[in-house]
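Here is what each chain is made of, one letter per residue.
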Amino acid sequence: MSARHLHDYWVAFRTIVTKEVLRFARIWVQTILPPVITTALYFIIFGGLIGERIGDMDGFRYMDFIVPGLIMLAVITNSYSNVVSSFFGSKFQRHIEEMLVSPIPNSVIILGFVFGGVARGLSVGVAVLLVSLFFSPLSIHNIGVMLVVVLLTSILFALGGLINGVFARTFDDIAIVPTFVLTPLTYLGGVFYSVSLLPEFWQGVSMLNPILYMVDGFRYGSLGSSDFPIMVSFAVIVAFIAVLYTAALILLNKGIGVRS
Amino acid sequence: MSPALEIRGLRKTYKNGFEALKGIDLEVAPGSFFALLGPNGAGKSTTIGIITSLINKTAGEVRVFGHDLDRDQQAVKRSIGLVPQEFNFNNFEPIGEIVVNQAGYYGIPRHEAWRRTEHYLRELGLWEKRKDMARTLSGGMKRRLMIARALVHEPKLLILDEPTAGVDIELRRSMWDFLRRINTDGRSIILTTHYLEEAESLCRNIAIIDDGQIVENTTMKQLLAKLETETMVLDLSEPVLQLPRDTDIPIRQIDELTLEADIQRGQHLNDLFRTLDQAGLKVQSMRNKANRLEELFLRMTRSEPEPSHLTPGAEGATEQPENPQ
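Protein sequences, first through last, are from chains A and B. Under our numbering, think of the first position of the first sequence as 1, with each following residue one higher. Under our numbering, think of the first position of the second sequence as 1, with each following residue one higher.
Quick caveat, the hints were computed from the structure, so don't treat them as lab data. Mixed in with the good hints there might be a few duds.
[As the list claims (entries may be wrong)] Straight-line C-alpha distance at most 25 Å; calculated BS3-like pairs for lysine-lysine: (1) LYS226(B) / LYS282(B); (2) LYS15(B) / LYS254(A); (3) LYS15(B) / LYS91(A); (4) LYS22(B) / LYS254(A).
What you are looking at is a predicted structure, and each value in this text was computed from that prediction instead of being measured.
One chain only, chain A, in its complex shape (with noise of 0.2 Å):
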C-alpha cells in the first residue's frame, strides 16, 4: 500500500468520524442526554434508596460498587446504537451509496462507523461519571486498564451495531437485539451485583456472558476488585472483537445488505 493511500484512507477514516460526531452531537437531546438522566435515577434509586439497605458488596458501599458497571453499562449500549442507527439510517436513505461507489476500502467504513460509535460510547461514559461524582467519590485503582477496558469495550460493542445495522431491513430490526439480547446480558453481567453471590451452577452460566468480563475487568480498573483475573477479561473483550470485525469485514465485501 502506498503513502497516497495511506494518506487518502486516513482523510477518509477521519471524514466518517467526524460526520457521525456531528450527526449525534446535532441531537444530543435525543443521543446524550437520556442515558445521563436514566442513569442518575440508578444512581438515586439503586445506589441511595435501595443500596443504602443492601449494605456493602465486596467490601464497597453499594453506590461505590455500581458505578463502573452503570458506566459500562452507558458505554455499551450507547456504542451499539449509536452505529446500528447510522448505518440503518445511512441504508434507508441510501446515501451509504456515497461511499459504496468511493474507493474507500470497506475496512475503512467499519472502522469509521466503529470509532463514531466509540466517540458517542466514551461521551455518554463520561458524562455518567461526571453525574456519579455527586453519589461517589471517583475511584481508581488503575487507570491504565480502565480506559483500555472501556475502549475495547465500546469498540466491541460498535461492531455488534454495525453487523446488526448490515442485517437489518426495518426499524423493528434494530431495536430487537438491543432489546432482548444486549440490555438482559448487561444487567444480567455484574452490573448491580457481584457474581459471586450467586449459586455455583449460576456462576457458571454467567461466565457465558461475556460482559461479565468486561464490567467486572472495569471494575477492577476503578476499584481494585474483580472475580476474574483482568487478563482473563482483556483476552475475551479481544478475542470477540477479532471475530466481529472479521465478520463486519465479509458481510461487507460480500455487499449483504447494502448491495444488490
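Based on these hints, arrange chain B on the given structure of chain A.
For chain B alone, kept in the frame of chain A given last:
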C-alpha cells in the same frame, strides 16, 4: 486513448431469477456525451449500478478508461462521478458538509474539499444555502446538489441517471448548459433520461437498451437518419381555400389555418414549399409534430411508455422519508 467506458458481455441475474442484463456490449468514447435510453425495467439502472459498484455483476467485463472493474476497482471508482436517479443524501445534513464529506471519501483534505465545494456550489447556484439542511431544498436544488457532489472529486466520467426528472423547464435548460460546458471542458458524460428531447439536444452518441439487450448503439445523427417519415405541422397566415393536388407529399387539413404534411425519407422540404407556393398557401411557421427520437424509441423498444415518462415535468424521483435518529 482508452474508451471512457467499455462493457463486454455484461450479465446480471438477480437472486429472484430476474435476468436484468443479457450480455450487453457497449463502448463510450472519451469526451463523449452519451445517451443511454430505454423503457422502465430495460436494464439502464442495473448497468449504471454495476459500473459504479453498487450492484454486483453476474458475468462480463467493465473497463473505465482502461481500468478493469475486477482488477482495479479503486481506479474505476476514482474515474466516475454518479448522479443517481433517487435522492441519496442525508436529509439531516447541511449541504456544504454533504459535498465536503464526499470529497473526504476520495481522500481530498478538508481545506481543498471546501475550496472545490465552494466552486461547484457556486456554479450550481447553491453556495448561499451551504449551511441549510438538505431536506429544506426544493427538488431542483436537490438534483443540483447531487451534481455538485458527483463532481467534487473531479471525475473524468460523469454518469447521470435521470438528472432532470422533476425539474422545471427553466432550470432544466440551465442544467443542460452546465452539462454542455463541463463536457466541452473534456469530461465524458453518460446520461439516461426519459426526456427524449433532452437526449436529442445534448448527446452526440446514443445506445438504446431494451429487455436487457442493446438494440441500437450509434451516433444521434445516424439514428435520426433512420426515420422513414416526419410529420410537419404548418401554420398558415391565410385560411386554406383548396389543398394542393398532384403532389407526392401527403398533406392534410387540420383546421382552416393548419396543415400537416408527411415528408418521406428522400423527399425535401423544398418540394413541400414549392407545392404550397403553387397552391397560393402562405406558411407563417412550421414545426415537427412529434419528437423524432421518441418515434424511433417507440419503434425500437416495441413498447408504449407511460405518458408521464415522456412529458416534461414528470417526477422521476421519490422523496426519501426522514431519517429517524
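Go through the numbered hints given earlier and state which of them the structure violates, listing their numbers in rising order.
Failing hint: just 1.
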